[in-house]
Structures are given as C-alpha cells and as structure tokens.
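Asker: Generate coordinates for the entire structure from the input sequences, incorporating the hints supplied.
Residue numbers (the numbering used here): 1 to 132.
A couple of the hints might just be wrong.
As the list claims (entries may be wrong) - Here are the computed lysine-lysine pairs in the BS3-like style, where the Cα-Cα straight-line distance is at most 25 Å: (1) K112 <-> K125; (2) K126 <-> K112; (3) K113 <-> K126; (4) K125 <-> K113.
Said to hold, decoys possible - So the derived label-pair ranges between C-beta atoms look like this: (5) S114 <-> P53: 31 to 39 Å; (6) N33 <-> G98: 20 to 28 Å; (7) D51 <-> G3: 19 to 27 Å; (8) E35 <-> D119: 34 to 42 Å.
None of these hints come from the bench; they were simulated from the model. The C-beta atom is built at its ideal place from N, Cα and C for all residues, glycine as well.
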Amino acid sequence: MAGFENTPLWQRTLAKQLSNDCLDKDREFFRVNFESFRANAGLLAAEISRDLPDYTVHDLTHLDALWEMASIICGNDYDLNPAEAFVLGGAFLIHDLGMGLAAYPEGIDELKKSVIWSDTICFLKKHIPDES
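Answerer: So this is what it looks like as structure tokens:
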C-alpha cells in the first residue's frame, strides 16, 4: 500500500470502507480510475528531474505527499465525497506535469512555437540587460 493510501483523507473518501457503504460502487469506480491516472501521471512526473535537475523532487513521492498535507488542512471534520476526492487527487497529480518536456509530444520545438514562449523571450530581452 502506497503512503498516500494510509492518509486520513484517502481512508475517508476513496478507501474501501469496513461497514455497509452506500457509496461502495462510487468509491471503487473513482479509486480504480485514480490509480490508473496516478500511474500515467507518474510516468510524466518521473521525467521532470531529467529536464530540471536543479529543482526539488517532483516525482510520485511529491504528488503523494499532498494527500498528507490535505489531510492536515482538512482535518477529520471536512467531508468530501468520492468524486470530490478524485478531483482533488487529480489536481495533485497534474499540478506540476507541465514542467517537464515529456508533457509536450514535440518537445522543445513545440514550446518554441507557443505564444507564451515568444512573449517570455520578448519580456526577458526588454527587462534583462544584454551582458555582451
């Protein structure tokens, strides 16, 4: 069992419940789909360190740790249904994935064609003095 599955928030929302649970089918649906989502996100997250080696860790351990942070912030009295927990968990999974080139099928060439790239280059040329 992964560490996030032991967090109070996961246990209350997406984990299999011990007693009669009217949301059992919903929990199962969202749990299975979250696990698939997590596996796919993990592939992209693992590539971030290759593209940004000086950054902090952004692999699955980072993404999973957000369940613990959310458990602390929400406490035990904040109720989420399985669908809401899936959406929250999905946000945890994708929040950093755009940092790596693996998120862009054409790699750096695709980024260089984007408006944000050209806007950033113009901004930097305007605001950072030329060192030559």
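Asker: Each hint: holds or not?
Answerer: Evaluation of the provided hints:
no., hint, result
1, K112 <-> K125, "holds (16 Å)"
2, K126 <-> K112, "holds (18 Å)"
3, K113 <-> K126, "holds (20 Å)"
4, K125 <-> K113, "holds (18 Å)"
5, S114 <-> P53: 31 to 39 Å, "violated (23 Å)"
6, N33 <-> G98: 20 to 28 Å, "holds (22 Å)"
7, D51 <-> G3: 19 to 27 Å, "holds (25 Å)"
8, E35 <-> D119: 34 to 42 Å, "holds (38 Å)"
The structure fails to meet hint 5 from the earlier list, while all remaining hints are met.
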